[in-house]
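We have chain A; now place chain B onto it with these hints.
Chain residues, written in single-letter form:
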Amino acid sequence: MDMSIALILSQDGITNGAIYALLALALVLVFAVTRVIFIQQGEFVAYGALTLAMMQSGVLPATVWMLVVMGALVTALDGGLALKAGQGRRAAGVAGWNLGYPLALAAALGGLAVDELPLAVQVLLTLAIVVPMGPMMYRLMYQPIASAPVLVLLIVSVALHIAMVGLGLLFFGAEGQRTPAFSEFSLELGPLMVSAQTLWVLVVSALLIVGLYQFFGRTLYGKALRATAINRVGAQLMGISPTLAGKLTFFLAAFIGALSGVLIAPITTIYYDTGFLIGLKGFVAAIIGGLASYPLAAVGALAVGLLEAFASFWASAYKEVIVFTLIIPVLLWRSLRSHHVEEEE
Amino acid sequence: MRTDRMVLGAFLALLLLVPAILSPYYVTLLNYIGLYAMVALGLVLLTGVGGLTSFGQAAFVGLGAYTTAALTTATDLPAWLAWAGTSPWLTLVVGLLLTAVVAVLIGSLTLKLSGHFLPLGTIAWGISLYFLFGTMESLGGHTGISGIPAIGLLGWTLDEGGEIYYLIWAFLLVAMLTTHNLLDSREGRAIRALKGGRIMAEAMGVDTSRSRMVIFVIAALLACASGWLYAHMQRFVNPTPFGVHIGIEYLFMAVVGGAGYVWGAIVGAGVITVLKQWLQNWLPSLLGATGSFETIVFGLLMVLVLHRAREGLWPILKKLVPVRAVRKTIDADAEPLPRRTLPKAGELILEAKDVTRRFGGLIANNNMSLEVRAGEILALIGPNGAGKSTMFNQISGVDTPTSGEVRFLGKPVAGHDSREIARMGMSRTFQHVKLLPTMSVLENVAIGAHLRSDKGVLSSAWRLDRAEEARILKEAARQIERVGLAEHMYEEAGSLALGQQRILEIARALCADPCLLLLDEPAAGLRFKEKEALGELLKKLRAEGMATLIVEHDMDFVMSLVDRVVVMEFGQKIAEGLPDEIQQNPAVLEAYLGGVE
Chain A
1 MDMSIALILS QDGITNGAIY ALLALALVLV FAVTRVIFIQ QGEFVAYGAL
51 TLAMMQSGVL PATVWMLVVM GALVTALDGG LALKAGQGRR AAGVAGWNLG
101 YPLALAAALG GLAVDELPLA VQVLLTLAIV VPMGPMMYRL MYQPIASAPV
151 LVLLIVSVAL HIAMVGLGLL FFGAEGQRTP AFSEFSLELG PLMVSAQTLW
201 VLVVSALLIV GLYQFFGRTL YGKALRATAI NRVGAQLMGI SPTLAGKLTF
251 FLAAFIGALS GVLIAPITTI YYDTGFLIGL KGFVAAIIGG LASYPLAAVG
301 ALAVGLLEAF ASFWASAYKE VIVFTLIIPV LLWRSLRSHH VEEEE
Chain B
1 MRTDRMVLGA FLALLLLVPA ILSPYYVTLL NYIGLYAMVA LGLVLLTGVG
51 GLTSFGQAAF VGLGAYTTAA LTTATDLPAW LAWAGTSPWL TLVVGLLLTA
101 VVAVLIGSLT LKLSGHFLPL GTIAWGISLY FLFGTMESLG GHTGISGIPA
151 IGLLGWTLDE GGEIYYLIWA FLLVAMLTTH NLLDSREGRA IRALKGGRIM
201 AEAMGVDTSR SRMVIFVIAA LLACASGWLY AHMQRFVNPT PFGVHIGIEY
251 LFMAVVGGAG YVWGAIVGAG VITVLKQWLQ NWLPSLLGAT GSFETIVFGL
301 LMVLVLHRAR EGLWPILKKL VPVRAVRKTI DADAEPLPRR TLPKAGELIL
351 EAKDVTRRFG GLIANNNMSL EVRAGEILAL IGPNGAGKST MFNQISGVDT
401 PTSGEVRFLG KPVAGHDSRE IARMGMSRTF QHVKLLPTMS VLENVAIGAH
451 LRSDKGVLSS AWRLDRAEEA RILKEAARQI ERVGLAEHMY EEAGSLALGQ
501 QRILEIARAL CADPCLLLLD EPAAGLRFKE KEALGELLKK LRAEGMATLI
551 VEHDMDFVMS LVDRVVVMEF GQKIAEGLPD EIQQNPAVLE AYLGGVE
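Protein sequences appear in the order of chains A and B.
Once you know that position 286 of the first sequence is 286 in my numbering, the rest is easy, because the numbers rise by one and skip nothing.
Once you know that position 240 of the second sequence is 240 in my numbering, the rest is easy, because the numbers rise by one and skip nothing.
Chain B with its partners taken away, still in its complex shape:
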């Protein structure tokens, strides 16, 4: 048996025995740790993985708690809502729905903006909701709501700490399992690309705004479920535990425990909860005054963690536990992913007509025209500053021409975002490599197949996506072997040499099954043999009918490979033709070597 499974098994067995061996004080403490860890888990997903954060999680906890408190204690619910008050399980559903609606509203206001608008928006939301709880008479004002019933489960009433303990930890473990599953899936790769890889992910067809929304809603739902459990454990709610400062404490739990790790949530919740208990007993007598002085220690501790161990405690603890990283297995029998039908050789794929792009007074592209046909490699060359990258941006839809038009498969590129262009069959690499350095080569390439698969968040969380996942991984592995990186498949992408990273980008682009490949300086940083291999690969793709546009500086590489060459200088086309003609063209020679005075 694997050691990591044994460690996990021992942990679960210990959890199961806790109420039997520990005093009620510790059971209560563990109940709180479980409740807090569930909220912190949402923040792991949001902050550590997704690079966003929220200070309003306590307000979502409050939403869950107050929804169930108000519905289960109300005596005069309107008829259309009376059904909801009959069982805590129904109020859980109502609370989750309400939370989802609120989260989607807040998310749609802030998630399209820069990342710091979400935390600022959630502070405002947290404060507003806190004041609402405190002032609304129907919610008991500052005195709160008491007399909340206990949860019943299969005829069993969970009205003691040692009983609801099992429900809390069952909720938490299920949440951890599903989060873990989600992160290891198609949607999970998209989520993990949010931090530092949005532009790349968009170019691979990932709707990153949607992914941001998904993790924000999941984090809010976890907080809401925690609030529901809290209300039925305490049997009483008031506004205090749902203020912004508690929201900040939740964030501390995630960061101290290890915001990038599912287990970090439990570690952080445990450390902060125990520390808070201890400091609250100890600090007031030390300082000779009453008040919540633990915030001083928490604040400074937090700064220290961010200065010295930004990854939190879990990575440090993990070294003490013998946990082996599990390699993904490639299922050779998995069915191949569906492929698009490639256009026939010679068919017009890409057409740029009189493209002009001005930046103020500077004309970066002036009346540029070019076309690429299926089964052809076209090179765009020119001295530095000739406007090649600008042209590349017009073609790939990153930028819009001032005048003129780019048509891909007969449709205009302008006005479509990177995702739609990717869906139409254009796939690209980046001049400055964009990949996710801590993910394996295999997973980086698998992002390319995002649009060729469709399993969503729920199927991923419950592992209903494994057949499709196997197909994706098989395709990714196939492309990796094809470009010659097979021996590096399981290494971290960031550990590869720059040239290999460029090749990885080609594999990722191929994984999208494109009909037009845009390559921005693919041979830069490659050794001679690697260049030869790349050339062979591109020739093979050409034979299959792929259209390729390549921007490149390496003349030997270009001239021995491509079918036609377009030469740019000062934003204009100065020559177009076969490689041999171009090499003799006096205008080209002058542009590259300087004229004879």
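Only chain A is shown next, with the shape it has when bound in the complex:
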């Protein structure tokens, strides 16, 4: 290996690492606030990438129908409850957001020639389809058992993961997709050619991390989520609804997932089941942070990205094995430091 190969590998590693960092942040956030281990994070990545790819090939993305169905179920549940309580206006609001919005979106997508729209609009439409699935998923799948043990929530996540993979196969087919790059230019830095997409990934990730930092530090909702993460019962007593916190968290996680998918779709070919491995690498990073520390998770994500890039050069067949083996020293270190017996929640 010479310097230029090392630089190229580092560039790959850092690009992927940035995506893993975003995913790891979302995983840590979801776990801290809701105790849900968000295994299906990777499916949001794949859904984002493949929804965009479908739009670009001029097909109405089937994910929009999934949004309609989920919205209809939420409307039936929450609208029904609101009607029973005699809150007609609330029921109308629920129906508007959860049924009206998806149907309007479907109608708009059906009426437009989506493949001729500018890329930015396509990306926005993709996010508009995939991101609302996050809070709806929380409402339908987690809210009824929000106080269940971590283990039960984890099994629900795994169940949703395999259901979403199956649906992904149904929606997108078994073919892989790669979308065109956001822009064509590339930057020459000494011996290194930095592609525009790499810059997009790095800049967007950095902006998103700064944005989240501001959100958690400065806004009321951000502080409410932090409070819930630190002390669920205490936050509830202070009037922070755990349901709202859950939905907001899932909204953010779905947003991060779908956006990551859109960002990496021009770099790697995405299949309906690619998300799982991408999401799991986010997990390896999150575990490095002990599922609690954001900065450690971000550092872990870069380490995972770099290790993966160099492993694919030296021993490409064993790339995945090497990446997942990385958690062993981390777990060992954590295990050696842990002495007290704790009760499982």
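Careful: at least some of the hints might be erroneous.
[To be verified] To give an idea of the chain B side of the interface with chain A (calculated C-beta under 10 Å), a few residues:
| no. | residue |
| --- | --- |
| 1 | Y26 |
| 2 | T28 |
| 3 | L52 |
| 4 | T53 |
| 5 | L120 |
| 6 | S128 |
| 7 | L139 |
| 8 | G196 |
| 9 | T240 |
| 10 | H245 |
| 11 | L251 |
| 12 | V255 |
| 13 | V305 |
| 14 | L306 |
| 15 | L362 |
| 16 | I363 |
Derived by calculation from the structure, the hints in this document are not laboratory data.
Beta carbons: idealized from backbone N, C-alpha and C, even for Gly.
Just chain B, lined up with the frame of chain A:
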């Protein structure tokens, strides 16, 4: 004859006849159900009973299958390993050993951490092993290994589905029997305490990390044995059936069938296997595409089960089958458990010297000293927030003082975990009752005798522990009668009133045969008569030489019972003396009633 035995007998007879009456298709289906149920059984133990889970069970199945496949088909084994390839029975042993080693490694990395690190660790392990199977040339890569020999048994070659059927179901039934036996034993009670009772179990001397490891290894071994049978049934292995997604399916089987029940494994394996067959035929034609769409149904079904029937299908089915719960019998002739020799009355048992505990700027305990002697009851009293619970934690070793020292029988308490302290002879109750609500009063109390007995997992699984078990149960029953809960012995502990649950904790503590009893508000929630009875019991124990430290709010109860009183306020000792002196002490009166302005 009991109806449950008849139902079981009918089930076994039916199993025996299956190859004779059903077509080979159904025999094959039942073979798969048997293989899957064995893996699911491990998950019942791990997930339903122990409150842990693994998504890597398919990888353990793969380890068993690939070990035997590689060894029995290899032509050029190194000399030191050549013996292993000569018979599938030897490769079973090798596979089990290898699996145990891997499971212990994974377990020691993750089991000391919170419960969700094990499933995450096993996902990573499952994926890694799957990729290894797929990439290693010596294991046939993605095409796999073929030409695996059939298993021979007493001159009989099991090379047909209807023959290996008997071996598969014999393995499964033995596994179910031994698991059932294990759960109904000393080790079994420790395992059942893992879900929601770890702190209590540790205080009773159970090494809960070891118990977690035990069930993880057992689950892995069951999976490995299933893989061994699978390889010799198919006579061919490739990586596909050992991926993480199949590992997830195994978990679904356990949860759908009823993760808390041994029979849930068969029910779950049956339902999921049949459903999968049916969906795989039906869904692709319905959806007009090929692919494994059954995962959509499985995933949503799983969520539905967890929302609506978290216990799974078995408890629902059980109502249809007339199965009577069997009461444990107490063998009055069982030999009593060994007892420790109690220290002589007046001997110093517990000594706290200048104990200070700071939490940041707050001084919860400031230079607290007290001592308890054999044959004496000492009360620690004080208004709310005086630091009594903190002091209790320093004494029981749950917390470590910032400065000062607690000595129990002359040895420092600090630096020892709850188990060692329990072994030294200190036994406690909890301010917030900690018991296992779905277990009977008898079994809850029997956990207390954990350290007075030593039969392990293997003796329990094969019922070689019955003599000791009878002694444990007799001792537990004796303590239950002693505290006056005899009429509730077979009820679920969770159904008792709070006051009775506190008394149960005392019986459990006594079952450990301690020389120092730490009681945290034992009289709270008791009625007058019950308090009187408790007082009588504590006096009787005192006469036998027991040292007792009691934290209590009920002044009438304390003053009529104890020998000496230590009063705390704002983390400090403000008075110490005989009950009568304390009642006249102006500092105490001011602390409790407020001073005259």
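Each hint tested on the structure:
no., hint, verdict
1, Y26, "violated, 27 Å"
2, T28, "violated, 25 Å"
3, L52, "holds, 8 Å"
4, T53, "holds, 6 Å"
5, L120, "holds, 6 Å"
6, S128, "holds, 5 Å"
7, L139, "violated, 13 Å"
8, G196, "holds, 7 Å"
9, T240, "violated, 14 Å"
10, H245, "holds, 6 Å"
11, L251, "holds, 7 Å"
12, V255, "holds, 6 Å"
13, V305, "holds, 9 Å"
14, L306, "holds, 6 Å"
15, L362, "violated, 19 Å"
16, I363, "violated, 23 Å"
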